[in-house]
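A.B. asks: Sequence:
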Amino acid sequence: MSHSSSQASVFKFWFRPGATVRALLDAGQGHLMALIAGAAFGLVQAGRIYLYAEQASGGILVAGALAGLVGLCLIAYLLRNFGRWFGGQATFAEARTALGLGLIPWTLLFAGLIPALMSIDPEVIASWFPLIFVGFVYGYIILLFSISAALRLTLLKTFICLVVTFLVSMFPLTLLAQLMVKVFSLAA
-16 MSHSSSQASV
-6 FKFWFRPGAT
4 VRALLDAGQG
14 HLMALIAGAA
24 FGLVQAGRIY
34 LYAEQASGGI
44 LVAGALAGLV
54 GLCLIAYLLR
64 NFGRWFGGQA
74 TFAEARTALG
84 LGLIPWTLLF
94 AGLIPALMSI
104 DPEVIASWFP
114 LIFVGFVYGY
124 IILLFSISAA
134 LRLTLLKTFI
144 CLVVTFLVSM
154 FPLTLLAQLM
164 VKVFSLAA
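Position 72 of the sequence shown, counted from 1, bears residue number 55 in this note's numbering, the numbering being contiguous throughout.
Fair warning: there could be bad hints in the mix.
Said to hold, decoys possible - Each pair of labels, with its calculated beta carbon distance range:
id	residue 1	residue 2	range
1	L92	M153	16 to 26 Å
2	V107	V151	37 to 47 Å
3	I32	T74	27 to 37 Å
4	R67	I124	19 to 29 Å
5	T74	K(-5)	17 to 27 Å
I should point out that these hints are in silico values taken from the structure, not numbers from a laboratory. C-beta: ideal position from N, C-alpha, C; glycine also.
Can you make the complete structure from the sequences, with help from the hints?
C.D. replies: Structure follows, in structure tokens:
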């Protein structure tokens, strides 16, 4: 894609995520951006821990970014495999790309909440709940359309595939988080 075409794709992603992700996958693009988005998602989640830790270290942020990449790969692998149950045709790289790009809205939403939590009274932020909820749902819709485009499935089949994937991945990801917390608490 040309530079102006990729800028149009970035804008179009927000209101036509499925078509944009499909075009990127067909052109063999977007994988690096998806990996960066996965690492950024993990980094943002670890940022909350970092800001409130008694002994904050850069290791928390590095571990968060790595956990984001590992989580992205694990969930994309499961999505691809469970998607095959429903006739999905995505490769592992396509599933990873679609999942990573689909996480961008949530990453931005959570990244915006961190400074808000630091500087604004939590009761004021609680009054923003409807707006935050709409952002969360909008992010989920973008995630659903992105993954649907990669798997080449209907939205209903993609939704069921996502539900199965998250139910199966809850245990390993929870175990991974517990191990990481134990390792960092021993290192501190």
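A.B. asks: Now look at each hint and say whether the structure bears it out.
C.D. replies: Hint check:
no., hint, verdict
1, L92 to M153: 16 to 26 Å, "holds, 22 Å"
2, V107 to V151: 37 to 47 Å, "holds, 38 Å"
3, I32 to T74: 27 to 37 Å, "holds, 34 Å"
4, R67 to I124: 19 to 29 Å, "holds, 24 Å"
5, T74 to K(-5): 17 to 27 Å, "holds, 23 Å"
Of the hints listed earlier, there is not a single one the structure fails to meet.
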